[in-house]
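If you follow the hints, you should be able to join the two separate chains into one complex; please do so.
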Amino acid sequence: MPAILTVDDSRAVRTIVGKQVKELGFEVLEAEDGVQGLQVLQDAQVDLVLLDVTMPNMDGPTMLEKMRAGGNKTPVIMLTSESKRSIVAGAMKQGITDYILKPFKPEELRAKVLSVLQGETSGLDSLVQSEPSGGAGPAPEAAGGVGLSSGPGGSRFVDILLIDDMENVHKKLRSLLPPHVTLAAFTSAQQALAACRDKVFKVVLVDTEIPDVNSAVLAQQIRVLQPHAASVALSLRTANDAAGEVKEQGFESVLFKPFRPETIDDFLVHHFDNQDFLLVDDNVLKVADFTGKADRVERFYTRLHSVYPAALEKIAAACYDEAILDLGTPPGEADKLAKLVIAVTGKSKEFGMSLAVVGPETARKALAGFEETKEVHFFPTVQAARGG
Amino acid sequence: MSVEKLSAELETILVKRIQADQLVLPTMPAVALQVQEILKDPDAGMKEVAAALEKDPVLAARTLRMASGASFAAGSKKVSLQEALARLGTKTLKSLLVEASAQKLFVSRNAQINGQLRVLWEHSVAVGVMARDVVALTGGPDSEGAYLAGLLHDVGKPVVATILLELERQLTEVYQRNWIDSGEWLQVIGKVHRAVGVALAERWQLPPAIVVCIKDSAEYDKADRAAYVNAVCFANALAKKSGVFVGTVDAEDNDAIIMIGRSVMGISDDVLRTLTKGLRERVTGLYD
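First to last, the sequence lines map onto chains A and B. Residue numbers for the first sequence follow the working numbering, beginning at 533 and rising by one. Residue numbers for the second sequence follow the working numbering, beginning at 115 and rising by one.
One chain only, chain B, in its complex shape (with noise of 0.2 angstroms):
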């Protein structure tokens, strides 16, 4: 079966069974859910929140870490679990809960794809990484807010590995015939993941904000040189050129993007010539 069809055909499966609200998708970590729940509640306080976090001793520790370890606070005195949350303040929790819980998505038991679903991660925290400092260097009022969008812009992707993986193996068993290679396998997750992210984060309840990151990254939006999805589509660019990408990339259409980004969210040759600087090291190995 040629890429074309096998895409074609896992895209209609795959849109029929989002509209017929069918398709299983993967849920929000149970502490992380009801992390989030207690979180609506305006007069729940961070010893509740605190209680919950404890149940998932990864999640707690990497809360911890943000709040009085080597990213957050440097050599600051170890703090509770509680005083942590009061320091990192619901927005960033939120921001943390939704990142671990998406970085969970990456992780497959699965060897065959585990290590690209590595290097996919390490795209998508570049992609955060950019987008964050694009905003927050042209003044822009939310710059979390962008890493997040930058962060999940591709997170349809290992959902869409999963299900291929599954696929693979009921074929296989079938046909008896080899499966597609790695790279068409790539091509087939870049021709179909946008629709079953978008769900995914719908799922999640993401903001609006992001899911439009999710749907479309790859045109800039004129009309609002602010929104997050302009950071995104030059965040990914330039990662895509740094090299912190996985599949080919489309150099000359990658290079104008980077061209109109340049313009379209005010970035000087100057700050673009040390914004990626050492991009790679920075992303490579982060939250193992």
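Same shape as in the complex, but just chain A (with noise of 0.2 angstroms):
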């Protein structure tokens, strides 16, 4: 168990201190001053120390300067109220790893800690960007998975930030995603950077007409909190080249207000990887439901093509010995359709597992019409295809 050692004259903050440390699982260990503080490292072995600054008998620096005089280089972190440059100063020439002014939150504290046992520490050199690095141009592809996130208010993940001062957006926006994918909506931009502090955001979406808020400032503060969440402007369809203005703001591309479904599903296949297509439950291979024009039917089954042999491989691995391919509801194109179910159909029977179909009773109209999907195993729901 890794050792603290905290140095401190006041009783008071040696307690606090070591009911913090103690709650992390690491061992506490105590001195009043400096002499007591290098007694006890000479006697014992210390991860971190947690010096104060000003203490009777030696005070930190003093302490600091004779550890480091000796050839010991546990990492202090430096926990005062002294917060005179030149002192923090010269115990960074003797290699403090951090900092903390007191009073100090809790969580500041044992953040530190642990980043600097679990070896996280860095330089400052490397926390502030001292080279040009290409402007704040638009953030990198979101990483993580849709299906991590159970909802706004008990996960960390969500998929979409949205903040617009219009309530009503909130609500079409909702109306028009996919049950799975999780919004957070907020109606000012204080409301979205608390809940950026906190959760964990896919896509941010800002209107760019909020009343007393500059658009472009705000995407660039969350982009700050929030640096793998594609920043996507919320702009009226009436605007003269809005494409390229939220562009030289530094968003990654605009959404037009009023919402349509096409260009929501747009948004969905540009802003969500493939598993919001399939979602797999238990042995379940659940289709999400089209909701576009009939021109991206062709797109729409060509993606679920490409993702479902993974999808059932994760089924095979978990040692079902049946799949359940729902597919909600499809669009209504029977070739494209039976082709879908042939294909997994085959591709089940080479990982060894037999077929069921769920799905409404156009899509079983549909498939009983060709040779190769006739005596497919078809139910209307999924719980009647577990019942066999």
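These are computed hints drawn from the structure, not numbers from a lab. Small disclaimer: the values here were computed from a predicted structure and weren't measured. Every residue, glycine too, gets a C-beta built ideally from N, C-alpha and C. Hints are not guaranteed to be accurate.
Lysine to aspartate or glutamate pairs mimicking DMTMM-like chemistry, simulated, CA-CA at most 25 angstroms apart [to be verified]:
hint: 1; chain 1: B; residue 1: Lys336; chain 2: A; residue 2: Glu614
hint: 2; chain 1: A; residue 1: Lys625; chain 2: B; residue 2: Asp367
hint: 3; chain 1: A; residue 1: Lys625; chain 2: B; residue 2: Asp364
A short, non-exhaustive set of chain A residues, derived as facing chain B with CB atoms under 10 angstroms [to be verified]:
hint: 4; residue: Ser618
hint: 5; residue: Ala643
hint: 6; residue: Leu656
hint: 7; residue: Ser658
hint: 8; residue: Gln722
hint: 9; residue: Asp744
hint: 10; residue: Val756
hint: 11; residue: Ile874
Structure representation (structure tokens):
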């Protein structure tokens, strides 16, 4: 168990620090001043020192100097009410790893202790960008899957952050998104920034006409807190060259209001990976409902063909004997639907599984019209399919 | 004359002039001043403000750009000046007036110092942007106020530069000798600009919280962590560390300010890593 030495002449501080550190599962050693601190370092194996500055007998900087002079390189976090930069600069020369100003929040102490003990601390040179970095352009592609999220209230991971002062926009977008895509919506910049400190978002939608809010500045601030989220501007369809202007401001793209199902479909295709189209739940492959225009049917099936093998493999790896393909509300092109079912049936056999298909009556009729699919095990609900 | 001696003498002269109210300070541009006066009247409408603002085409254009151009509401239809003012609101307009007035101080007809004033302005914008973002990201209530405080923290420098330029003209004519070099010139400005900046801020009736930042933003205010001065002190060090600065930087001292500021402001390393990303590009050429 790592041991942490807290050197402080205040018993109250030592008690508070000790409690926090013990809660992290570490052993705590205490010293009232630098003299005692050096003695403890001689007698025990210490992994981290939390060091005050002003103490009787021997102050923190002197103890630090003696530690280093004696070859002791134990990491030190200065924990003090001293904020004079000359003193901190001197301590930095002696190689302190971090600094905490009293009074401090428990989470700051915990984060910095863990960071040091887990070897994650990095120098200021790597934290502050000193070279031109190519501008505040689009953030890198988002990581992580939609399936992680259970909703804005409970999970740290949320798919979409929406900032628009009109609540009706929140409602409208929610109504157009598939149920599994989570949305956190706010009417003010401050609420949104607060959410960004707690949650991880995949896509951030910022309205460009929130009163008294500079949307470009807000988007930039959100990018600092959510560096991996895609940044999308929300703009009126009537706007002139909105796409070009929002890119100048550092947004990746623009989503127009009023929303249209086909543009939401494009948005989902662009920002959410293939898992959105085919979710795996136990042995069920759930195909997302098709909401786009007729000219997008081809792309819809092409994407399904590209993702189902991996999903089936996942089910086979969990040792299921049967996979259930839940078609949801498929677009009404019978031949494409039949090709999909034939392909999934074949792949299921390769994995040693049988296949049951769930869907609406229209899908059953469509599949019954083809020789290869007329015998497929078809059920109206997943529950019925599971019951055999 | 050594830099120290020149600084000391200049400081003495300036302080005496300030105390006797004899220092000729730049006034706020007439239109900005007039608009500020109108805004003091709670019954005044945006129509009157727009009528006053129209007299300064550059200021009017800047207002329109902020309200309907690239930086405020992307792609919206073109708006009238009165509509733009209604959209911005009184608080933003006041901030814009101060910002535009301050920027004029950073422009000189003298090519010798104009380049350096431009870099100084970019540094000021960088500090304003960083201070605003730091306050917003840590949940502070008035990030735009922090922006103005950061933008103006060095506002005394261009004024001192102008005074120095005049002194140079006089002294070189009298003594027929070369003036100090540009490095020394910056050192002198660095030593005396704060008193002049404070006098200017008071003349322009800037809020006390901003005057505090101009007076001294080199140390943190432990007693009030939400004070603008903390955001400006931290932002100033970040801008220097990012290389958006003119003059020499004591790197160890600057790192200490950043180290302390992370704790004072409650900025995590993850946030710090992205906060300064692309800072130079964000401030270069702004408001040309």
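Hint check, failures only
11
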